[in-house]
Structure formats: structure tokens, C-alpha cells
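Residue numbers (this note's numbering), protein chains in the order written: chain A, 1 to 746; chain B, 1 to 291.
Covered stretches of chain B (chain A as the covering partner; in silico rule of three or more C-beta atoms under 8 Å from a C-beta of chain A):
# : segment
1 : 4–15
2 : 193–205
3 : 261–270
4 : 279–285
These aren't lab readings, by the way, just hints derived from the structure by calculation.
We treat Cβ as the ideally placed atom computed from N, Cα and C, and that holds for glycine.
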Amino acid sequence: MMQAAEKAPKPVKQLDHRYEGISKVTGKIKYAGEFSEPFAKSDLLYAYLVQSTIPSGDIVSIDRAAADNSAGVVTILTPFNAPKLSQAPPQPPARRNLSLLQDTSVSYNGQPIAVVVARSLDEAKSAAALLKVKYAPKPAKIGLKNRLAEARWPKDPGKEPAGNHRGDAQAGFSKATVIIENTYITPIQHHNPMEPHGTIAWWDGPKLNVYDSTQYITGVRQSLAKTLNIPVDFVHVVDPVVGGGFGSKGSMWSHVPLCAMAARITGKPVKLILEREQMFGPVGGRPSTVNKIKLGASADGKLLAMQQDVVMNASVMEDFVEHAEGPTKNLYMSSANSVSAKIVEANLGVSTFMRAPGEAPGTAVLEIAMDELAEKLNMDPVQLRLVNYAETDPSHDRPWTSKNLKDCYQQAADRFGWSKRNATPRSMSDGNAWIGYGMATATYPANRSAAMAIVRLLPGGRMFVGSGTQDLGTGTYTIMAQQAAAGLGIDPTLVEVKLGDSTLPKAPVSGGSQSSASVLPAIQDATSQLKLKLADLAIADAASPLHGLKTLDIDAKDGKLFNRNNPTQSDTLTDLIARNGNKPVEATGSAEPAESKDAMSSQSWGAVFAEVAVDKDTHMVKVRRIVATYDIGTLLNQKTGHNQLMGGIVWGISFALHEEAHIDSVYGRVVNESLAEYHVPVNADIGTIDVSTLNIPDLKFNPIGSRGIGEIGITGTAAAVANAIYNATGKRIREYPITPDKIMLA
Amino acid sequence: MHSDVTQFDLAAPPSLQAVLKQLAAEPGKHAPIAGGTEMMVALGAGRLQQRSLLSIQHLRELRFIRVEDRLLHIGSGTTFTDIRRSAEIAKHLPLLVQSASWTGSVANQNRGTIGGNICNASPAADTPPALLAYGATVTLVSASGERTMRYVDFHLGYKKTALRPDELLHSIHVPLVFGDHRQYIRKVGTRNAQAISKIALAAVAKVEEQRLADVRLGAASLTDRPVRCSATEAVLSGASLASDALEETIRLARAALAGETHAIDDIRSTARYRGAVAGNLLEEFLRSLAG
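Turn these sequences into a full structure, and let the hints guide you.
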């Protein structure tokens, strides 16, 4: 039988362009908020989300008289008239604790408290401004650094336990020759994909249809059904392209069911798009983490104990744990580890996954501590990491499916010119700037989940592949086309791809870097099934040159089925399907992690090197170069893969230098809730980024050999920049972002 | 809260005279709008008081760059892009070109005008430090006539200017006397482009036999308005750049600058940083003159 899990897969032919690229740049492909069919466009109503202006308390009343009389207003939903729902508990990632106007309580400044629906967006916004909301405020919990004593264990820490000990850390520290102990802080960050969250909803009798910008169409479908108490089969979710999500679109947030409620009440299609400033609160964010890190090593650099105690803010509405302690458990081989993660409640919106949750802040802080340890040991930072190289997974005491991190250190260091580094701060300068080199390790777990796919051979030898997955701009379309084409040995340009529709076979959330690792094996299985069907079709077809052969003897290549024992004996796919009355031949496939998955750990790795220039007068930082090499298994597509790694690196630079949500200490609102003041890098902030991958397949992880690539780029980068700034200036900044002010005052 | 654009009126009177007539007839009722790069933000945020906008973007009378009588005249409707492309300005007023180049994004520069930049009166605005250092004068027009004043007197306080509700800024004039001056400008932002300045300093000075003459300093984000640092200028006037006197000159200048500026803490920076870096920039300028 032709089996999916071939041991050494043939290289898959890569598309040299993004599958949906032309339709994106010509504006043909539609994002969720752009659809104006199948309903009549003139029927479309616009909803505007009204947000609370206090951080804690109750809504006493909403005087809506002026708003009701405002031009174009169709309806206004408030806690005093919204339909009652049976609100189920959160179920991350799909469903979070939502604000659906079911009661009058206010838990954070910016919480949705009403929805105004009008004939135009301008009219909806204008009417929203006329609502007079009367509150009974309550004392609010705001701030983290000044409230660390309030830290408590999380109620539900998620996949990982909130506290974990391995070996005897105290004994390790007592034996250590060198100890580093400091506090490292990362700020609150907010997701800002180019495309904000947005939904269009309309009802067809009892059935609900939504276009929704989401990383998880299946999750939205299930969550809407649960929230609105309708059968799952009655919900249809469509989202052909996502303009970035970075984790915030992994969950359904309040605006989605609110939009559906508005559509049901008005009997019309309703569009609700979040404005940029509404992205700062109601759709999640990365919590701030305060990390006490202690490292103890012997004189030769061997880690004897590592300890990290994290305290972070969490919304009073729902615990979410940013596992920043993760890398301390498994990045290096230490004799002992002790970690904890606790939360301090705050009147803020619910926190959620943001690109490389856990590892992004985790590597940002641990890898500074490692740099400090290397300096104290008078050891090269790369050497320190090699001395403590974890050949197996220390956190689970089991082997890795594949790990080639040493090659990453070596290759990236060589390309960077690390040997030219002078470890003494302020020893390198260029004009009016100090020059610094820094490095750090990148890492992110490799995840995969059960997924399904459907493939069809179409007339003319073309193919169709579909899966209910998502493309966040990451290249899912492109690699699906490649994988389907590889299954029948045809050119990937002959494949039509469909995704982002909940009527397609199910696939997991596009989060945790798992889409390619989950969906491609399902496509591989589906094409294997298809090949079997086509072989059987040929065998049974008296007109086929392959008539009468055994299924096992038939394989596919270059648009043909052929006899493995006599490759000249072949039948083109075009002829075969033409003789079949040009009736498409269809097969479905599925794949899930092997039962033995718990016997091994799967993780991706990388080495990141940074060169910075720090102006002597202003302390402004310019990241001149990033050189990084990653071990992510098979690189599926050069263009989309490198694009993701580079995007992650840019965000890592942003983490290091720019991003931070400032919370008003009285009102609890994000002060800088716009892209003018919530800074991400501009082109002028980014120098050259030189990325490479080892491209060594990890076949113990999945039959494609590829681990996800979406998140690892952000990891390690921030610390590499921070360490380079130290090397340049001699100033060790342990609180991100590293602004010129902090460097000057250090 | 947001504004409803349907609640605003926008008119585009055919001439400058027509605009001035309307401003005079109903002072304070109308808000003139050119590129709109500030006004539309204010409108979007619900901060715009006036409900009637008068477009002046199309008025050719306000969009010019010309040299006359040893003065460079710039119409208030001149865009940042116009300034960046002008050979005359590049030749005579390089600091203005530089500051125009780091104003917002290219899209902002295509729409935004120098008049808007000045009248918006942000203490962090990009072009005022250069104009202050160059000793610009401004002409204000109204239906009842025109008046010309020193630009340094135009800014009265935080977002407060000498412009009356019936007036428009017509043009800016800079004397072309800087051929022998050394010129310096630097902006410090929270990122390398598209950032509002944490601090900016523009400086011109002559050096005659190792002594400073005609020093002019303009700064952004150091007080509640764009500011000319006259106390520091006074300290530097005639000061020596000779190697045995340079350190003392720098020390005195830094002290004078610290004494006459009052930086604030905000989300973009701290007062300490602003104060220290302002001194660093001034020192960088002085050392470049001595070197």
C-alpha cells in the first residue's frame, strides 16, 4: 500500500511566489470586513462598539434619548435591553470571558458596554457619542510593580503547571561559584495586525453566517453556537485571508457575538469593525511580567541551578498565564530548576496569546541573565551556552525529536563575525556611536494537532485542495498548493487552494506555530488516498495503459500515473480523468500527532546575533544587523518562511526598543492607544536582517519533517539586542523597552 | 469620543480674499484647514471645536517659495515636500530642508504645510526650531490688513499663538545672511523616523578668530512652546572656542540652557533625559565648531 509516512520524503517543489500574492496586491481577494454579498449591500448596517470610560464599577443608567433620535440609528444594544444568553465559561483558545451586555458590571476601562447600529458607520459613531452613561465607580486595581505582594497562584495555568521544581535548586546555589540574581521586566504589549478585528454577520432563518477575521474559524463556529445557543451546524464562518493575527485572533472576542446579536435583532446583515484604538483592551494583549531570575554556575560555567519567579498582571475577568518561565525549564541543561508563575489581578482587558507566548518574554529576560553570567565567568556567551547544551529535554527528561542548535550557533556566529567581538563594553566605536555585539538563543515548541484535508483531481490534470485552516499572511495557501502538488507529482501552479471556510474539513487554530505541521500531513494523507483511488480507476479502465496492474505497483509523477516496475508504462492524469467523463476524483485525509508523541519533545531552535550602534549624545539605538540561523526542520517555502522569520525578528527589535502600553494610573486606560504613540519599528529602525535555516527534516515530529516557523523569530532577538546595547555602552538595562532615557539614566 | 463627519461643513472659498472675508464676518466660527494632517486627527478624536472648516489647501496665493530683497519668502501653504524639493531653500536654509524631511511620513509631507506646522503650535513641531534659529519673521493677513512680526514672538504659550481668529498666517520670511554661518540641527525621537520629537535643537553661529558670533538657537520639546534659547545665546556671544577655553564655554552654555528650559515628563521621554540630551546636542554643536 502507498503509505503516507515515507521515511525520507522527496523534496517538495516550492512555489516561487505567494499563492494569493497577486490577488492581494490587486485588491481582488477580500478580507472579512470587505464582503458585500450574498446579502444586498444596501441592507448592510454598521455597528459601533461603545466602551466604558471607567476601569471598575457598575453602569447605573444609559440615557439614550438623544442617540435614539440621531440620524440613521436602527437600534442600540445596552445591558438594559440586550437578549439574555447562557454565558458558558471561557474555553481558551476558542472562547474567552466575554462582555456581552449581560450585566451592568464594568471590569476594565474600554470594556464593551453598548453597540450602536445605524445605516452608516458615521451615523453609528455619532450616535454613540450621544449616549450618556452614568456609572457607580468602584476602586480599581491598577499597576503591577507596586502590587507584587498581591501575587497569587493562577486558577488555571493552562497546559503547563504554574510552579515546577527539578532537582535541588538551593543545593545548587550553595555550591555555585558564580551567582547572578536580578529582576527583569517586560511591559504590556498589544497586538496590532494591519487588519483589525472585524465581523460581518447575517442570519438566514435560524442559521448564522459570519465573515470574521480570525485565526480559528472552527473555534469561532463552536463558540458562536455555544454562546447563542444554536446548533454548531447552523453556523458558517468564512475568512479567506487574515491580515495578521499574532494570537489575538486565536480567540473569539465580544464583538463577534455582539455583531451576531445585532444582526438577529435587526434582521439585517451587520458589520462591526474595531477601530485601531479599540484593539487596545477588548481583544487581549501580552501581560507585563516581572521576573526574578537567579542563576548559579560552577567556575567552568556549568549551570548548577536556575530559578525564575514570574509575576504578571491578569484581568479580574480571567486568569491568563504568560509562561515566561518556560525557557528556564528546558533551554539549558542545569542540575536543578525552580520556577513559578503567579498573577496580580488588575482592571484590564483579558490577556491572551501573543506571538511566541511564554518564549518571547521568557527568552528576552533569561538570555540577558545568561549574558550577565557569561560576563561574570569571563566566558564567551556562545561558549557558556555550549557548556550547558541540553542534549535531551531537561524539563521532561526525554529526548528531542531533533536538535541541531550547535550548528545554528556556529553558522550564525561565522556569518556575523562574532570572533571580532571585544567583550569589554565601550571598546568598539564608529564616529559618534558606540558599537556593540550581542547574542541570544531562540526557541519555541513545535506543536501539531489533528487536522483534515480534502483533495480532488480536476479535469485537465489540475487539482483542488481544501482544509478548514487559515492563512494569516503566513503562506498557508502556498504550502498547501505545494504539498497537494507533490502528492501527485504535478506542478504546484496547477493547484487551486481553498481554506478559511468552516464547511471545509476541520483544522486547528492557526496559533502555536502549528498550522503547517498539522495540515500538511493531512494533505499528504489525502493525496495518498487520492493516488490509490486514481490507481484503482486506471486499473479498472480497459482503455488505460495501466489496466490490470496492481495498486501497489502504481505511482504518480509529472502529471502521470506510471508502473513502478516499468516507468515507460504510464497514463496521464488528464487522459485518465477525461475517460472518467471528466468527473473529479476526490479523497479526504487526516493526520494527528503520533501516539508516541509524549515519549519525545519537539522544539525549534535558533541563534540570534545583533550589532547595535548607540549614539553617545542621545543614546538612540540603531540595530545595524541581525544575523540568525534557525533549526526549524524542513523549510517549506523559502519566501514565506524567511518572511515569517524576518517579521518575527523585526518584532523582537520592537520588543527590545519600542513597544509598551502605558496604563493610566488612575483611569486604567491605555494612554497610547494608537500607532502614533504605541511605537513599532519603522524601516529606518531596521538594518540588515540575514536569516538562514539548517533545513534538516525532523521526521520524528511529523512525516513532512517541518516544525512551525511563525513565532520563533521574535524569541531571542530582544535579548540579543539588549546584550549588544550592554556591550556597546556598559549599561545593563533589565526593563524593556530599552529606551534612550533608560540607557542615559542607567 | 468620535466626531460625526456629517456634522461638519467644509467650504472651499475661491480666493484668499474670500476666506479672509468669511473669517472676519464670523470670527472663531470657522477653522481654516490646509493639508489636514493635524486637523483630521483632532476631528477624528472629537477635539475639533469648530463645525465649519474652510479649506485653504487650493489657494495658490499661499503656496510659493521665492527670493526677493535678500529674503527668502515661503507661503504658508507650502508643503513639506515643496520645501524638500526647493533648490533655493536647500541652498540657503538647509536646516529647514532637514526638518521638513523628518516630519511625519512621506504622505504627511505631501499634504502637510509649513503654515499648519507653525499655527498648530505644538512644542514638539519639527520646523519651528530651524525657523527660530534663522530669525524668521511672519506675515499675518486679515480682511482689515496685514502685519509682520518676529516669529519668536508668535508663540505665546502651549498651543497659543498671536494669530487672531480673523487672521491667517500668510508667509514666512528668512533673511539670507547665513552664507558664513555654521549650521546644525538634530532631532531625537523615540524611533528613527515617524516619531514626535523627544527634543530637537537647531543652531547657527559664526566663528571669527575662534570666537563665537551671532549665535542663534531654536529648540523643540524643551518648554511649552517652540523656543529661542536667548539666554544661552547671550552666554555664547563672543565666547571663545580656543582649546584652553572650550571646556569652560561648553560648561557655561550647558548651564545657561538648563536654566532657561523647562522640559517635562511624558510618555515620550523624561525631563531629565530631555535636559541632559539638549545639553549634549549643544555641546556636540560647539565641539563641531571648534574642531
